[in-house]
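Here the structure of chain A is known, so what remains is to put chain B in place on it, guided by the hints.
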Amino acid sequence: MTIANREHFLTNIASRLGRSPSKEKPKRIWKYNPQAMVLKDYSQDELVQVLVKQCANIHTAVMTCTVEELPHTFQKAMESYGNGTGIYSKDPRFGDMGLTSLLTLNPALHEWDYEKGNANIKMAEQANIGIVISDITLAESGTIVVQTSKDNGRTLSYLPSNSIAIIPKSTIVPRMTQAAQQLRANPVTASSIHFITGPSNSADIEMKLVVGVHGPIRMTYLIVEGI
Amino acid sequence: MSMKISNEQFPNRLEENIQNEFMRNAVSSAQHRFQTRRAAAAEQLGNWEEWRNHGEEIRQHVLANLDYYLYELSENVVKQGGHVFFAETAEEANDYIVSIAKKKQARKIVKAKSMVTEEISLNDHLEQAGCEVIETDLGEYILQLDDHDPPSHIVTPALHKNKEQIREVFAEKNGYTQSSVPEDLALHARQVLREHFLTADIGITGCNFAVAETGSICLVTNEGNADLVSALPKTQISVMGMERLVPTFEEMEVLVSLLTRSAVGQKLTSYITVLTGAKKALEVDGPEEFHLVIVDNGRSSILGSEFEPILQCIRCAACINVCPVYRQIGGHSYGSIYSGPIGAVLSPLLGGYDDYKELPYASTLCGACTDVCPVKIPLHQLLLKHREVIVEREGRAPISEAALMNAFGFGTASSSLYRFGSKMASAVMKPFGNGETISNGPGPLKAWTDIREFPAPNKERFRDWFEKHKKEGDHS
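In order, the protein sequences belong to chains A and B.
For the first sequence, our numbering gives the first residue as 2, with consecutive numbering after it.
For the second sequence, our numbering gives the first residue as 2, with consecutive numbering after it.
Calculated from the structure, these hints are not laboratory results.
The C-beta atom is built at its ideal place from N, Cα and C for all residues, glycine as well.
Among these hints, one or two may not hold up.
Stretch-level coverage of chain B by chain A, calculated; a stretch enters the list once three of its residues show a Cβ under 8 Å from a Cβ in chain A [as the list claims (entries may be wrong)]:
id: 1; region: 22–34
id: 2; region: 136–150
id: 3; region: 263–276
id: 4; region: 281–288
id: 5; region: 295–301
Each computed DMTMM-like pair below joins lysine to aspartate or glutamate, with the alpha-carbon atoms no more than 25 Å apart [as the list claims (entries may be wrong)]:
id: 6; chain 1: A; residue 1: 151; chain 2: B; residue 2: 289
id: 7; chain 1: A; residue 1: 209; chain 2: B; residue 2: 173
id: 8; chain 1: A; residue 1: 209; chain 2: B; residue 2: 184
id: 9; chain 1: A; residue 1: 77; chain 2: A; residue 2: 97
id: 10; chain 1: B; residue 1: 235; chain 2: A; residue 2: 112
id: 11; chain 1: A; residue 1: 32; chain 2: A; residue 2: 42
id: 12; chain 1: A; residue 1: 28; chain 2: B; residue 2: 309
id: 13; chain 1: A; residue 1: 117; chain 2: B; residue 2: 196
id: 14; chain 1: A; residue 1: 28; chain 2: B; residue 2: 50
id: 15; chain 1: A; residue 1: 151; chain 2: B; residue 2: 290
id: 16; chain 1: A; residue 1: 28; chain 2: B; residue 2: 251
id: 17; chain 1: A; residue 1: 91; chain 2: B; residue 2: 284
id: 18; chain 1: A; residue 1: 26; chain 2: B; residue 2: 251
id: 19; chain 1: B; residue 1: 281; chain 2: A; residue 2: 126
id: 20; chain 1: A; residue 1: 41; chain 2: B; residue 2: 57
id: 21; chain 1: A; residue 1: 32; chain 2: B; residue 2: 51
id: 22; chain 1: A; residue 1: 209; chain 2: B; residue 2: 44
id: 23; chain 1: B; residue 1: 5; chain 2: B; residue 2: 309
id: 24; chain 1: A; residue 1: 91; chain 2: B; residue 2: 289
id: 25; chain 1: A; residue 1: 28; chain 2: B; residue 2: 76
id: 26; chain 1: A; residue 1: 123; chain 2: B; residue 2: 284
id: 27; chain 1: B; residue 1: 281; chain 2: A; residue 2: 114
Pulled out of the complex, with its shape left as it was, chain B reads as follows:
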């Protein structure tokens, strides 16, 4: 799998996903649960805004000093007996990791969940080199077993599947004969994967946060698979996006607290694991060899640009869990492993506008994403910036309102659409109107303004305007 998960055009992806009723219900109910838990966990602290401010200042400080902290990190990894490989491109990262697999004559590789390894298509490269690669996070394992079904959420990747479908996958691929009760399904995965942990040659993990001062890798999980991936195979490779680091344990703990609360509403997840180098002398378990692969893959060109704040992201998915558009269209519609608001900002930056130019329009600009972001990324403003860039570059928006509004399933009376209309009072709209009306609207408004004028924001509320015009239409 790569970052790109579909060759279908955006409207076709929408069309397909919007008809998946189970997925839409699952997403809607998951969002509700995530939102409730996150809000409770944030409220419990009593000073959540101060936490967000601290999270933001830590991430901004790291980005402003990224070269230094990566230097310090690499020095300390080596001091702890590890190897560091800086990879500017996905190819460089994959070639290096494949070369280790070949050197170790690795046949079986176990992996803990990692978005960056998905982004660079690592599994494909290792499989082409003859390795068996096994995902060990329960959700990822299910998807891998189901002929590499793409993830639809960055925290709970198999959200779009129901337990019956999962039972069928286990039955077909593993000869599973038990029930579709989640406990039974999980027990089956435990038994199958336990054997793989014990017999794998290499363990591959991602990295939630690297710690520059100690050369450590911090992994945040609930299942315990990352711990076994890093405890049993003789060689460990951790792959990190180059911006995913902190100065010391003290900042790590703040970001971990923000991450677990924002992602799943837990004070901490079951396992926060801090790994430093290879195992020490006389230790029985743990890797004999440790490699850290630091991946750029387009990130450095975001640094120093107007999109730099997206590099503050700690991949909690809180923005995805509140997004009204994600709720309607699900993760697969984004065509990228990065879905929701974070995906709509990041995918065009890492994957280019050719594949992802519609994503910045998959937003009502309601700003809910920005409000919940634990490190205060101005997500909806970055989406607007994308629109400005796209319109400037292409001279027109890439997708029509008809497709989007139908696909989003927003009724004309929906509050989201109302906010969409209201929030159009922005720089992006200025070039298209005369102050009273908008006659050449971008994005979703394009199809609309092809046949009629759209009222300029502030002059008349969209809902009022629409109601009036609908009635006029009814009478005619």
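In isolation and in its complexed conformation, chain A is listed as follows:
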């Protein structure tokens, strides 16, 4: 852990600003706060409607169900991608949502297990489907937030061909503003926080949208009521 050339660099900047370098945290006082107005006072049900509608703009399939219906809906989503191999994060919430037996009894599905090291990455690379649970969900943009950890690798969300994201209704907030506030309040920042909005895409060739470039080619959101 090193910092090189800082003093001279910052002294130069401060002198351009007509003073000596400051180590006093400036007050952040803003005149404007437009972000607070977006979807203000929307109920959780209204936010679900916004989210579902936004999915059409981001090339993402969406299904809504109750916790009780989730195992069945989850199976339908898996079938839509032709089942096959999959990898999912090690997350106690899968159990809370009644998915444990579906996941663990299927030999084609693998739980991310840090003790297996790089074998996880290989599994993700070969997986047809990656399965994650959203930590925070942004209604306005149709975005899931995934914070990586030893139990939830970065590549799990990027290497599989298809992605299924389970969205507990309680995780839905109006927009990135609330997510930023929540993340700021966390005492520990994850090494990698991913705001994911649908499948990967590019318009680099003649401005024509191609869905599915380096990350998943297709994506499904399962919005779960009652959790």
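Then chain B, alone, in the frame of chain A:
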């Protein structure tokens, strides 16, 4: 590649690009799509001006306290187990990054799109050190494969190429045999690059915004390549222009929202990724070592000058997408990786007037760039300031009207040219006229005023004047 992408003189660059019909059509249609999408995304919010005001106040606050926030950023990167290198020059940045590559005995390096690494010619230095450097953004990959064709747009770098040309590049360099359908081309790139992600020793990214409070790097992409660049190689190096930071996540999200809406009309792009330090204990993927390189390379001399507002820029390219001159001449004519209005202001500041003195004249001063800028940079006023400085320094403008007007392809009846004439009512014109006429005009007017007088603005509309004089000419 460096910031400078051509050794040709400006008029020659114009001449060459103006004849590239595919490019001009592609640029025109891309501009139309970008503009429509940006306008819809801005309008949807209902209070876009308030968003712009907030974006402006955040960026100004950061610049006014830049030394503090860089201090805080560096402290927090180190707390998260990272290394920070402050580089005053491109050479210092390149030497440091090459030294890491050598220490790691790196053979293969994957890169996510980054303007600042282009600016400092990082790839050349790494290649000279024996590393294979692979760009992984689809557009950048295409250009790199095509013998390092320069980018022509800061968001969609391969805008000037058509799918047939891309198919030919893939066929020639990679033995590609499939069609020129964009999906097939993208799938080919996915397959080739996937292998590179998995086998690279070092991943290099740029930085859309660093977050001082947490020591994080925020990357804004659509393809997912930056995520793989930062997830798979054991060493990650992120390179940032020294002004590209925000105090906390709360300001980051505002600027990200402004950036994605202004750049591509999306509420958010597919991937907004916030990386903080190296991977934590027991994490399987992510880098074991993280280096942040903070680059000055001429930025500090802009700070505190009359050009300081250009450092507010968040590289969205909205100004490029509305510029009538860019539409006519395309990105390569600017001779810099930074094209359009932002390039015309920034390139002379970072690269010097010797190479870029004509760029401030590549503008009709219509002000469309200023109107769309999400952080309210007064771009057309900064272009005028450049002209003042250049004329003061050189005693004359560096380029003739004939070259520019022909090259811009503006008919004399075009509204842009009309606005150009109208907007000449400015400080820059005062030294050249007697109030009634301008007899010693700068820039594009020079060739004109060499042979005839130009009417002073406000006295007679240029279009009227021109129409009248044209008719007089016709009769004579």
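A quick look at each hint next to the structure:
Residues of the region 22–34 of chain B lying with their CB closer than 8 Å to a CB of chain A number 4, which satisfies the three-residue condition for coverage. Given a C-beta distance limit of less than 8 Å, the hint that chain A covers the region 136–150 of chain B holds, as 5 residues qualify and 3 suffice. Remark: the region 263–276 of chain B is confirmed as covered by chain A, as 11 of its residues place a Cβ nearer than 8 Å to a Cβ of that chain, reaching the required three. Evaluation of the coverage hint for the region 281–288 of chain B: fulfilled, as 7 residues show C-beta separations to chain A shorter than 8 Å, against a requirement of three.
Taking a C-beta to C-beta cut-off of 8 Å, the region 295–301 of chain B contributes 3 residues in contact with chain A, enough for the three needed, and the coverage statement holds. Distance restraint check for residue 151 of chain A and residue 289 of chain B: the Cα-Cα separation of roughly 14 Å lies within the 25 Å cut-off, and the hinted pair is therefore satisfied. The straight-line distance between the Cα atoms of residue 209 of chain A and residue 173 of chain B is roughly 23 Å, inside the 25 Å bound, and the hint therefore holds. Restraint check for residue 209 of chain A and residue 184 of chain B: the C-alpha separation of about 9 Å stays at or below 25 Å, so the hint holds.
A C-alpha spacing of about 19 Å is found between residue 77 of chain A and residue 97 of chain A, which places the hinted pair at or below 25 Å, so the restraint holds. Taking the CA atoms of residue 235 of chain B and residue 112 of chain A, the gap is near 23 Å; set against the 25 Å cutoff, the hint holds. Under the criterion of a C-alpha separation no larger than 25 Å, the hint pairing residue 32 of chain A with residue 42 of chain A is consistent with the structure, at around 22 Å. Our distance criterion of 25 Å between C-alpha atoms is met by residue 28 of chain A and residue 309 of chain B, whose separation comes to about 21 Å.
A distance of roughly 21 Å separates the Cα atoms of residue 117 of chain A and residue 196 of chain B; the hinted pair therefore holds under the 25 Å criterion. Between residue 28 of chain A and residue 50 of chain B, the direct Cα distance comes to roughly 24 Å. Compliance with the 25 Å bound is thereby established for this hinted pair. Proximity of residue 151 of chain A to residue 290 of chain B is assessed by CA-CA distance (about 17 Å); at most 25 Å being required, the pair is judged to hold. Note on residue 28 of chain A and residue 251 of chain B: the hinted pairing holds, with a Cα-Cα distance of about 14 Å set against a maximum of 25 Å.
Simply put, residue 91 of chain A and residue 284 of chain B have alpha-carbon atoms about 12 Å apart, close enough for the 25 Å limit, and the pair holds. For a cut-off of 25 Å, the pair hint linking residue 26 of chain A to residue 251 of chain B stands: about 16 Å separates their Cα positions. Annotation: proposed proximity of residue 281 of chain B to residue 126 of chain A holds, straight-line Cα distance about 22 Å (limit 25 Å). For a cut-off of 25 Å, the pair hint linking residue 41 of chain A to residue 57 of chain B stands: about 23 Å separates their Cα positions.
Note on residue 32 of chain A and residue 51 of chain B: the hinted pairing holds, with a Cα-Cα distance of about 10 Å set against a maximum of 25 Å. Annotation: proposed proximity of residue 209 of chain A to residue 44 of chain B holds, straight-line Cα distance about 24 Å (limit 25 Å). A threshold of 25 Å between alpha carbons decides the hint, and for residue 5 of chain B with residue 309 of chain B the separation of about 22 Å falls inside it, so the pair holds. Taking the CA atoms of residue 91 of chain A and residue 289 of chain B, the gap is near 22 Å; set against the 25 Å cutoff, the hint holds.
Of the pairs offered as hints, the one joining residue 28 of chain A and residue 76 of chain B holds, with about 19 Å between alpha carbons and a cut-off of 25 Å not exceeded. Restraint check for residue 123 of chain A and residue 284 of chain B: the C-alpha separation of about 15 Å stays at or below 25 Å, so the hint holds. At most 25 Å may separate the alpha-carbon atoms for a hinted pair to count; residue 281 of chain B and residue 114 of chain A meet this at roughly 15 Å.
Violation of the numbered hints given earlier is absent; every hint is satisfied by the structure.
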